[in-house]
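Chemist: Residue numbers (the numbering used here), protein chains in the order written: chain A, 1 to 233; chain B, 1 to 593; chain C, 1 to 127.
Simulated from the structure, these hints should not be mistaken for lab results. Take the hints with a grain of salt, since some may be wrong.
[What the hints assert, rightly or not] Partial pick of chain A residues on the chain B-facing surface, computed with a CB cut under 10 Å:
1) 3
2) 6
3) 35
4) 40
5) 51
6) 53
7) 78
8) 85
9) 104
10) 136
11) 149
12) 175
13) 179
14) 225
[Said to hold, decoys possible] Below, a list of computed lysine-lysine pairs in the DSS-like style, where the Cα atoms sit at most 25 Å apart:
15) A:223 x C:58
16) A:128 x B:118
17) A:178 x B:332
18) B:118 x A:178
19) B:497 x B:459
Glycine included, every Cβ here is placed at the ideal spot set by N, Cα and C.
The residues making up each chain are set out below.
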Amino acid sequence: MTTTTITVTAEIRRFDPAQDAEPHYQQFQVTGMDNMRVLDVIRSVYENQAGDLAYQFACRIGRCGTCGVRVNGVPVLACQERCKPHMRIEPLTPFPVLRDLVIDRTEVEARYSELHLTPQRTQAYTGKAEAIEPALAEHLCHLDSCLACMVCVSACPAVAERPFDGPAFVLKLRHMAKHPADHGNRLQQAVDGGMLECFGCDLCTQLCPADLSPAQAIREFRKELVFGTGKES
Amino acid sequence: MVINQPEMAIEHADVLIAGSGAAGMRAAIAAHDAGANVVLLAKGPRRANHTRMSGGRYNAVSGFNPQDSTDAFFADTLESGVGINNYRMARVLADEAMDRAFDLEGYGLAWDRTDPSKYYLSMTGGGNFVRSMGSVDEGIGITEVMLHQMHARGIRVCDFHMLTDVIQDDDGRVVGGLAIDLSRGVWRFFSSGAVIIATGGTSQLYETSSGPAINTGDGIAIALRAGAELVDIEFMQFIPISFVYPPSARGYTLTEPAHYGKRHTDPNAEAAHLLNNKGERFALRHDPVRKEGSTRDVLARAIMLEILEGRGTPEGGVLMVPDAAVFDSFLKERPIYVKRLLENYGEAQARLQAPIQVMPSALYTLGGVVVDTWCRSGVPGLFVSGEAAGGVHGANRLGGSSMPDIQVFGRRSGMAAAEDVRALGAREVRGIERAKARAQTLEAAMHRPDGVRPPEVKKRIQKLMWDHVGLVRSGPRLEETLRAFREIREQVLPNLKVTAKSRVLNREWMEAIELENLLDIGEAMAASSLQRKETRGAHYRTDFPALDPQWTANIVVQRKGANLNIEKRAVVTLDPPSAVPAAFPQPARAAAR
Amino acid sequence: MSAAARLPRNTTRQTDVVQHGTIARILHRITGSVIVVFVLVHVVAQSVLQVPAFAAVKAGAPWLPVVQNQSWIHALLYFSIVFHTLYGLKLLLTELGVRIGYRVSVWAIVAVSALFGLREVLRYAGL
Numbered sequence: 001m002t003t004t005t006i007t008v009t010a011e012i013r014r015f016d017p018a019q020d021a022e023p024h025y026q027q028f029q030v031t032g033m034d035n036m037r038v039l040d041v042i043r044s045v046y047e048n049q050a051g052d053l054a055y056q057f058a059c060r061i062g063r064c065g066t067c068g069v070r071v072n073g074v075p076v077l078a079c080q081e082r083c084k085p086h087m088r089i090e091p092l093t094p095f096p097v098l099r100d101l102v103i104d105r106t107e108v109e110a111r112y113s114e115l116h117l118t119p120q121r122t123q124a125y126t127g128k129a130e131a132i133e134p135a136l137a138e139h140l141c142h143l144d145s146c147l148a149c150m151v152c153v154s155a156c157p158a159v160a161e162r163p164f165d166g167p168a169f170v171l172k173l174r175h176m177a178k179h180p181a182d183h184g185n186r187l188q189q190a191v192d193g194g195m196l197e198c199f200g201c202d203l204c205t206q207l208c209p210a211d212l213s214p215a216q217a218i219r220e221f222r223k224e225l226v227f228g229t230g231k232e233s
Numbered sequence: 001m002v003i004n005q006p007e008m009a010i011e012h013a014d015v016l017i018a019g020s021g022a023a024g025m026r027a028a029i030a031a032h033d034a035g036a037n038v039v040l041l042a043k044g045p046r047r048a049n050h051t052r053m054s055g056g057r058y059n060a061v062s063g064f065n066p067q068d069s070t071d072a073f074f075a076d077t078l079e080s081g082v083g084i085n086n087y088r089m090a091r092v093l094a095d096e097a098m099d100r101a102f103d104l105e106g107y108g109l110a111w112d113r114t115d116p117s118k119y120y121l122s123m124t125g126g127g128n129f130v131r132s133m134g135s136v137d138e139g140i141g142i143t144e145v146m147l148h149q150m151h152a153r154g155i156r157v158c159d160f161h162m163l164t165d166v167i168q169d170d171d172g173r174v175v176g177g178l179a180i181d182l183s184r185g186v187w188r189f190f191s192s193g194a195v196i197i198a199t200g201g202t203s204q205l206y207e208t209s210s211g212p213a214i215n216t217g218d219g220i221a222i223a224l225r226a227g228a229e230l231v232d233i234e235f236m237q238f239i240p241i242s243f244v245y246p247p248s249a250r251g252y253t254l255t256e257p258a259h260y261g262k263r264h265t266d267p268n269a270e271a272a273h274l275l276n277n278k279g280e281r282f283a284l285r286h287d288p289v290r291k292e293g294s295t296r297d298v299l300a301r302a303i304m305l306e307i308l309e310g311r312g313t314p315e316g317g318v319l320m321v322p323d324a325a326v327f328d329s330f331l332k333e334r335p336i337y338v339k340r341l342l343e344n345y346g347e348a349q350a351r352l353q354a355p356i357q358v359m360p361s362a363l364y365t366l367g368g369v370v371v372d373t374w375c376r377s378g379v380p381g382l383f384v385s386g387e388a389a390g391g392v393h394g395a396n397r398l399g400g401s402s403m404p405d406i407q408v409f410g411r412r413s414g415m416a417a418a419e420d421v422r423a424l425g426a427r428e429v430r431g432i433e434r435a436k437a438r439a440q441t442l443e444a445a446m447h448r449p450d451g452v453r454p455p456e457v458k459k460r461i462q463k464l465m466w467d468h469v470g471l472v473r474s475g476p477r478l479e480e481t482l483r484a485f486r487e488i489r490e491q492v493l494p495n496l497k498v499t500a501k502s503r504v505l506n507r508e509w510m511e512a513i514e515l516e517n518l519l520d521i522g523e524a525m526a527a528s529s530l531q532r533k534e535t536r537g538a539h540y541r542t543d544f545p546a547l548d549p550q551w552t553a554n555i556v557v558q559r560k561g562a563n564l565n566i567e568k569r570a571v572v573t574l575d576p577p578s579a580v581p582a583a584f585p586q587p588a589r590a591a592a593r
Numbered sequence: 001m002s003a004a005a006r007l008p009r010n011t012t013r014q015t016d017v018v019q020h021g022t023i024a025r026i027l028h029r030i031t032g033s034v035i036v037v038f039v040l041v042h043v044v045a046q047s048v049l050q051v052p053a054f055a056a057v058k059a060g061a062p063w064l065p066v067v068q069n070q071s072w073i074h075a076l077l078y079f080s081i082v083f084h085t086l087y088g089l090k091l092l093l094t095e096l097g098v099r100i101g102y103r104v105s106v107w108a109i110v111a112v113s114a115l116f117g118l119r120e121v122l123r124y125a126g127l
């Protein structure tokens, strides 16, 4: 294990919509271990220098997905991203900001809700183990390990330019589409959500903190547009 | 200085639930399905909860291991709990776990399988039979399918809403919950017929912990202040192995050595070895039979003692030597853990080819609010389920038993609460004045011009708990801690101040409110620890290092005015009493040092 | 199998990574624009040069044929056509189900396109 200490500079965007006319950046210096994460830097700032800093975290190990921020323009999970000598730390775009680094996820939840992401069954659940091939069960669980962290939505250039809900939503739709018990028209929902705007750039794949590929989910849906889903809905 | 009456919105709910983990969500689903109007309060964004962080192992008698039975599961639970569990709750857990697992499958969770309709089962440290189910998406999958079930039912979830107290009428019946909307800094009083506390545990009381930042024991403290009893609150489970670095990951559970060796699937095989800085397998001194496959309490204590006695690594841990042969299945079952090992430690450790540095960490609150099998506390209208409730696990919890606990009792609390509300019939809104008065008290830190900042006080409490009310306890140190807590309560808490005057997402203010909860529980834990003059399960006293059969009993704590009433009470056994089935030979337990 | 099994990625240095997809997307956009601009300019330029009615304009623009023969313009054009086509093909194929990695493919296509561009430069240099 490394035991070197370093000093980093963090420029944090401060903005209180209720009080400030516009955001400003405040600079801090933090000294700590060189394996610090961005979250360690932010917490140190709060504990020692700026007690009025608003930031969000909970699990600090990359599972709750609530600590997303932009560091030097790149959306990341603060608890996972290693600190850098100079960091500009800002809230995730394109979401409304509650204060400083905390975003309002109300619309995100509203969009998830509209997608009805529970298995739309044609027959009632039997109450016993469903027949799902082991490899498919594993694949379903991989798809469902999406943290809803919104890093991919924040990074997506199509979301910035076009009417597209975002990669995360299509990934969740894909999870349901592949579930044998689901018979919802997930392809239609994906198209309605603006899936066709995707550039296929795979930035979401590269930045996903859970090693998932929303772009691949989109490609699979697009293939189904041409060749059909093979599933009744 | 006169403080104006804070702004408070009045809202209504049949059943108010505090906590967005699986217990709270399952309660919400059950209460809603029983016809109640439900509001669920999440202290932060709703996905920020302890269930999310779980490895998602789920103990249940699925029928896929013919050697297992609900009797065996029940017996294992009592054995792990060293006989002080609430037998009735443990029985319910054993009986209903599988049904709730099927519920999750119905919600869309695809449990790991070996065949299309046959679940894959693994072992857990301390258990005697292979019965743990799981899914690759772990706690993330469980919380996601449940969140979408909540969306499907249109259940109202309020993010950033911290329950600060339940409000009671003159008879002590709960008439509603007082919460602060942290995203706006506005008070909300929810007039309701029943309040379910599912706020999780108290891991944040400790300097090194595995849980999320929000688990400051709020709900347990609220129940205590409302007059509820707490049982065995001195029992805190420490996970034996957790990450040592980086700082953000420190304390995050690595589960148990059993999962890093062949013991993960074979109860007769070895777990990963634990070595001190002399290369000795010190766990053998503590449990010669199960060795590193022992229960969490034995292993955590063994590791802590090695570190305290100077035989740990320079970074303050010990070394776990995994069995590289299990890497393929480990990667397949738990890719998220492999990823964390890679990112925090390195590739060799991720491939289980190099020793992994580990340390114990505060994980799970074994005790909690006294409830019956339907999660009713002693306070009318107050229900508690999940980690916040006590009794199910006794002196030590089996790995994999928390997931079924929260489903089984989450559902029961929701059903019971909805039933009570239905029986109450029409009710008027009461308690507004009391709510306003309490809100005004909690505003104090916001208006103090000078004083002590909450983060410093929190760290002080966390260090006291880790050093003196943690894995290694003794009478004098517990008394010293109680004195320190008294000083903090009398001199520091009344002088808390917050830096920011913004009411929006004021973390210092939230921490100031949390401090009272931490102190309430810390005191109860230290006082109960002092009372229990023995060593049992997770509770270890250097001055009373042996198990004392006279202490096969519960310690119950209750607030009486300004004092804490502590009494010894007989364990709740089955009714009618029946012999606990001996499903397996009892392993020899090494005497604790 | 263990040694070969692929580990999950280490995603703790995302601010440092080369964003292959962003580069690909921007290059696709630039090359697409180059092609469009080329076609427009080419039509206009050829009209000026070939159509008798524009002889006066042609006389007033002696620099036009010179510009048309610049090697770097041809290199840029060929690079753009090859890149835009191949990358567009990559997008199409992936949507039809062919698995093509986003990292290697971008740089392989850039390399092939650069070869075509280089070929133009060399041709004008008489090689």
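Chemist: Work down the list of hints and note, for each, if the structure agrees.
Modeler: Going through the hints against the structure:
{"no.": "1", "hint": "3", "in the structure": "holds, 8 Å"}
{"no.": "2", "hint": "6", "in the structure": "violated, 13 Å"}
{"no.": "3", "hint": "35", "in the structure": "holds, 4 Å"}
{"no.": "4", "hint": "40", "in the structure": "holds, 5 Å"}
{"no.": "5", "hint": "51", "in the structure": "holds, 3 Å"}
{"no.": "6", "hint": "53", "in the structure": "holds, 7 Å"}
{"no.": "7", "hint": "78", "in the structure": "holds, 9 Å"}
{"no.": "8", "hint": "85", "in the structure": "violated, 17 Å"}
{"no.": "9", "hint": "104", "in the structure": "holds, 8 Å"}
{"no.": "10", "hint": "136", "in the structure": "holds, 8 Å"}
{"no.": "11", "hint": "149", "in the structure": "holds, 9 Å"}
{"no.": "12", "hint": "175", "in the structure": "holds, 8 Å"}
{"no.": "13", "hint": "179", "in the structure": "holds, 6 Å"}
{"no.": "14", "hint": "225", "in the structure": "violated, 24 Å"}
{"no.": "15", "hint": "A:223 x C:58", "in the structure": "violated, 51 Å"}
{"no.": "16", "hint": "A:128 x B:118", "in the structure": "holds, 10 Å"}
{"no.": "17", "hint": "A:178 x B:332", "in the structure": "holds, 20 Å"}
{"no.": "18", "hint": "B:118 x A:178", "in the structure": "holds, 20 Å"}
{"no.": "19", "hint": "B:497 x B:459", "in the structure": "holds, 16 Å"}
The structure is inconsistent with the numbered hints 2, 8, 14 and 15, although it conforms to all the rest.
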